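Asker: For the protein sequence lines, the chains are S and B, in the order given.
With the working numbering, you'll find the first sequence wraps up at 401, consecutive numbering, no jumps.
With the working numbering, you'll find the second sequence wraps up at 238, consecutive numbering, no jumps.
Do not take every clue at face value.
[To be verified] With a cut-off of at most 27 Å between alpha-carbon atoms, the simulated DSS-like pairs for lysine-lysine come out as follows: (1) S:118 - B:19; (2) S:118 - S:80; (3) B:218 - S:118; (4) B:136 - S:372; (5) S:104 - B:50; (6) S:118 - B:48; (7) S:62 - B:19; (8) B:105 - S:103; (9) B:218 - S:98; (10) B:105 - S:84; (11) S:80 - B:19; (12) S:62 - B:105; (13) B:105 - S:118; (14) S:105 - B:105; (15) S:62 - S:104; (16) B:209 - S:84; (17) B:19 - B:48; (18) B:105 - S:33; (19) B:48 - S:84; (20) B:105 - S:98; (21) S:80 - B:136.
[Stated by the list, open to error] One side of the interface only, derived from the structure: several residues of chain B facing chain S at Cβ under 7 Å: (22) -8; (23) 77; (24) 84; (25) 105; (26) 107; (27) 174.
[Unchecked claim] Pairwise CB distance ranges (calculated): (28) S:52 - B:16: 23 to 29 Å; (29) B:64 - S:205: 42 to 48 Å; (30) B:159 - S:166: 48 to 54 Å; (31) B:192 - S:170: 23 to 29 Å; (32) S:52 - B:234: 58 to 64 Å; (33) S:52 - B:214: 43 to 49 Å; (34) S:40 - B:65: 32 to 38 Å; (35) S:40 - B:99: 41 to 47 Å; (36) B:57 - S:277: 51 to 57 Å.
Hints were generated in silico from the structure; no laboratory data involved.
It should be emphasised that the depicted structure is a prediction, and the values quoted were computed from it without experimental measurement.
Built from N, CA and C at the ideal position, the CB exists for glycine as well.
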Amino acid sequence: MKLDFSVVDKALQLSLEGDFIGYDDPELLHKLQEALLRADVKTLSIDAKNLQKWDSTLVVILFELIKLAGEKKKDVRQLNWPQNLSKLLNLAFSVDRKPERPKQTDEGFLEEVGSFTLDVWASIQKGMNFIGQVLRSLGRLVGGQAVMRRVDWLFALEDCSYKAVGIVSLISFMVGLILAFVGAIQLKNFGAQIYVASLVAIGMTRIMGAIMVGVVMAGRTGASYAATIGTMQVNEEIDALKTMGIPVTDFLVLPRITALTLTMPLLVILADFMGVIGGASVGIGMLGISPEEYWNYTLKALDMDNFLVGLFHGLVFGIIISICGCYFGIYCGRNADSVGKATTQAVVSAIVWMIIATGIITWIFEVLGI
Amino acid sequence: MNKGEAQIIVKNLTIAYGDFVLLKNLDFTINKGDIFIIMGGSGCGKSSLLRVLTGLVPTAKGKVIIDGVNFSDASHAQADEIMRRCGILYQSGALFSSMTLAENIALPLQQYTNYSAKLINELVELKLALVGLAGFGDFYPSEISGGMKKRAGLARALALDPEIVYFDEPSAGLDPISSRLLDDLILDINQSLGTTIVVVTHELASIFDIGNNSIFLDGDIKGISAKGDPKELLKNPPNENVLKFLTRGAK
Chain S
32 MKLDFSVVDK
42 ALQLSLEGDF
52 IGYDDPELLH
62 KLQEALLRAD
72 VKTLSIDAKN
82 LQKWDSTLVV
92 ILFELIKLAG
102 EKKKDVRQLN
112 WPQNLSKLLN
122 LAFSVDRKPE
132 RPKQTDEGFL
142 EEVGSFTLDV
152 WASIQKGMNF
162 IGQVLRSLGR
172 LVGGQAVMRR
182 VDWLFALEDC
192 SYKAVGIVSL
202 ISFMVGLILA
212 FVGAIQLKNF
222 GAQIYVASLV
232 AIGMTRIMGA
242 IMVGVVMAGR
252 TGASYAATIG
262 TMQVNEEIDA
272 LKTMGIPVTD
282 FLVLPRITAL
292 TLTMPLLVIL
302 ADFMGVIGGA
312 SVGIGMLGIS
322 PEEYWNYTLK
332 ALDMDNFLVG
342 LFHGLVFGII
352 ISICGCYFGI
362 YCGRNADSVG
372 KATTQAVVSA
382 IVWMIIATGI
392 ITWIFEVLGI
Chain B
-12 MNKGEAQIIV
-2 KNLTIAYGDF
8 VLLKNLDFTI
18 NKGDIFIIMG
28 GSGCGKSSLL
38 RVLTGLVPTA
48 KGKVIIDGVN
58 FSDASHAQAD
68 EIMRRCGILY
78 QSGALFSSMT
88 LAENIALPLQ
98 QYTNYSAKLI
108 NELVELKLAL
118 VGLAGFGDFY
128 PSEISGGMKK
138 RAGLARALAL
148 DPEIVYFDEP
158 SAGLDPISSR
168 LLDDLILDIN
178 QSLGTTIVVV
188 THELASIFDI
198 GNNSIFLDGD
208 IKGISAKGDP
218 KELLKNPPNE
228 NVLKFLTRGA
238 K
């Protein structure tokens, strides 16, 4: 490929020779543009007599030069151009629409604080409004008026019950095991390793079982709720529900919230059990405690109050996870990116709210002496 | 390859999902520079055929030969090389929503060429201008209309100067004017670049406006029941299904 140029009689003359495939020479284009900008150059003349094969990389050079020539009011002469090359450039120049976008102005500090506060307030209102809708749906459910399909509820129940048993069991077993390990290191110093059984039993039943189930279910089921409902938003299925007069919270939120709230305490019981088994595997297998002894100390440590506190945490976490998942799904944007964001927000918010709820519940039970 | 030479040869092709045979014994040839229409009623397997031609679905039986290479048995490297020379415009444009239009178009250029960043930017600007979207480079797909998304998708499909461009239902969801503009664009690209165009559609206006060769897929026989220029098929329909389809069921 060869691109010669010279300035003759107030004309920048270009001669294209050979193949122009993958032609990438920014310096040459810069030189051509400089030559074209010379005051004495009045015409751009491009001869393609000896041009063979070409691709878009040549069209780019010609496009940029002709555009510049047009801007600087210089004549353009196309000599011996193949018809398709002329047609392609005509096509590129046929529409010259300059899109307008709203201008973005820099906000001052006070304006930014004000905007942020208003955004937070709007989010709180939206959240409270959603919770209000959910409560109204629950009211309709109690009154037998809710538009909720039994099959949807059973599907949601299936998804957050036995299908979650494997992961909850594994994680809880590991947490019981770690709790026993960490406790044993300290308790060994006092020759009190037998109390590992008590530590694991109390720790798992009162709070750790519920928290681990909460984290697992937020990542597993809460994310799934947000992704499923978010995709329905993208596909306009939620719009279809609204236009049919079906309350979205009845149809989509109720099955999920009731299913998860029902199964969470059951999963917490499973987690408690698996945690104790995990602790026992360390206590019996590594610390040399006999199975009878370990079992007796576990039973002694188990307390109905602790057990019920754990179940109550599970119940509250179930409500939080399902509300966060459904809320971010319903208020998802309308593209693939939004579904990803909604899923992340659902999981993060559920975990944050679970921690806040744990703090509040712990404080209330402390005051009540439970 | 010169205009008029066979570019895509489909031989005895069968498309099946498990035991379910969707289309069988398909034989047709698409020549270089053709605007080839794959038409037929809803559910007859048009889009599935397109997915086979683009390598997204394996063939159950038969061959798809593109530029002399058996695409059905090609190695990964060969298949990649063939697909590099093909562009595809999906029904919705299939633009990546987290990228601007310019980034969408630049992606295949960055992936497959060693061009400088400046040249890539200029090529992106040219491709956008070609589809009538000059100046829209920094817009996100969510900020433009459905017709513009399709045109931006076409700009991305044209990024690597493909020899073959596949269109899946280009008119779907567009108003008549936008649909006509897209048809004109397909004709312009075919004429100016000599690109072979394969269009899956059931829009009669588009079929007659742009197509110079076609096959009619018939769900009843699970195969091709007519081949040729759509305008000729309208004049001399070989069977009742083709006549009904091309005349919108008119009696």
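Asker: A separate judgement is required for each hint: does it hold in the structure or not?
Answerer: Each hint tested on the structure:
Proposed proximity of residue 118 of chain S and residue 19 of chain B is supported: the alpha carbons are some 19 Å apart, at most 27 Å. Proposed proximity of residue 118 of chain S and residue 80 of chain S is supported: the alpha carbons are some 17 Å apart, at most 27 Å. In summary, the hint linking residue 218 of chain B to residue 118 of chain S is supported, as the alpha carbons are separated by about 26 Å, within the 27 Å threshold. A C-alpha spacing of about 22 Å is found between residue 136 of chain B and residue 372 of chain S, which places the hinted pair at or below 27 Å, so the restraint holds.
The straight-line distance between the Cα atoms of residue 104 of chain S and residue 50 of chain B is roughly 56 Å, outside the 27 Å bound, and the hint therefore fails. For the hint pairing residue 118 of chain S with residue 48 of chain B, the CA-to-CA distance comes to about 42 Å; that exceeds 27 Å, so the pair is violated. Taking the CA atoms of residue 62 of chain S and residue 19 of chain B, the gap is near 38 Å; set against the 27 Å cutoff, the hint is violated. For the proposed pair residue 105 of chain B and residue 103 of chain S, the alpha carbon gap of about 22 Å is at most 27 Å, so the pair holds.
For a cut-off of 27 Å, the pair hint linking residue 218 of chain B to residue 98 of chain S is broken: about 40 Å separates their Cα positions. Simply put, residue 105 of chain B and residue 84 of chain S have alpha-carbon atoms about 23 Å apart, close enough for the 27 Å limit, and the pair holds. For the hint pairing residue 80 of chain S with residue 19 of chain B, the CA-to-CA distance comes to about 25 Å; that is within 27 Å, so the pair holds. With a CA separation close to 15 Å, the supplied pair residue 62 of chain S and residue 105 of chain B stays within the 27 Å bound.
Between residue 105 of chain B and residue 118 of chain S the CA atoms are separated by roughly 24 Å; this keeps the pair inside 27 Å, and the hint holds. Proximity of residue 105 of chain S to residue 105 of chain B is assessed by CA-CA distance (about 25 Å); at most 27 Å being required, the pair is judged to hold. In summary, the hint linking residue 62 of chain S to residue 104 of chain S is supported, as the alpha carbons are separated by about 19 Å, within the 27 Å threshold. Between residue 209 of chain B and residue 84 of chain S the CA atoms are separated by roughly 42 Å; this puts the pair beyond 27 Å, and the hint is violated.
Proposed proximity of residue 19 of chain B and residue 48 of chain B is supported: the alpha carbons are some 25 Å apart, at most 27 Å. For the hint linking residue 105 of chain B to residue 33 of chain S, the alpha-carbon distance of about 20 Å falls within 27 Å, and the restraint holds. Between residue 48 of chain B and residue 84 of chain S the CA atoms are separated by roughly 38 Å; this puts the pair beyond 27 Å, and the hint is violated. For the hint linking residue 105 of chain B to residue 98 of chain S, the alpha-carbon distance of about 16 Å falls within 27 Å, and the restraint holds.
Restraint check for residue 80 of chain S and residue 136 of chain B: the C-alpha separation of about 38 Å exceeds 27 Å, so the hint is violated. The interface hint given for residue -8 of chain B is broken, as the beta carbon of that residue sits about 16 Å from the closest beta carbon of chain S, more than 7 Å. This hint is violated: residue 77 of chain B has a C-beta 13 Å from the nearest C-beta of chain S, more than the 7 Å allowed. At about 4 Å, the closest approach between the beta carbon of residue 84 of chain B and any beta carbon in chain S falls short of 7 Å, and the interface hint on this residue holds.
With 7 Å as the threshold, the beta carbon of residue 105 of chain B comes within range of chain S, its nearest partner Cβ sitting at about 5 Å, so the hint holds. About 9 Å separates the beta-carbon of residue 107 of chain B from the nearest beta-carbon of chain S, more than 7 Å, and the hint is not met. Below 7 Å, beta-carbon pairs count as interface contacts, and residue 174 of chain B has none with chain S, the closest being about 10 Å; its hint is therefore violated. Distance hint check: the CB atoms of residue 52 of chain S and residue 16 of chain B are about 27 Å apart, consistent with the given range 23 to 29 Å.
At about 44 Å, the beta-carbon gap between residue 64 of chain B and residue 205 of chain S stays in the expected band of 42 to 48 Å. Range check, residue 159 of chain B to residue 166 of chain S: Cβ separation about 42 Å, and the 48 to 54 Å hint is violated. Distance hint check: the CB atoms of residue 192 of chain B and residue 170 of chain S are about 53 Å apart, inconsistent with the given range 23 to 29 Å. For residue 52 of chain S and residue 234 of chain B, the Cβ-Cβ distance of about 46 Å falls outside the hinted range of 58 to 64 Å, so the restraint is violated.
Between residue 52 of chain S and residue 214 of chain B the Cβ separation comes to about 35 Å, which falls outside the hinted range of 43 to 49 Å. The hinted window of 32 to 38 Å between residue 40 of chain S and residue 65 of chain B is violated, with their beta carbons roughly 53 Å apart. Take residue 40 of chain S and residue 99 of chain B: their Cβ atoms lie about 43 Å apart, and the range 41 to 47 Å holds. Against the hinted window of 51 to 57 Å, the Cβ-Cβ separation of residue 57 of chain B and residue 277 of chain S comes to about 52 Å, which satisfies the hint.
In terms of the numbered hints stated before, the structure departs from hints 5, 6, 7, 9, 16, 19, 21, 22, 23, 26, 27, 30, 31, 32, 33, 34, listed from lowest to highest.
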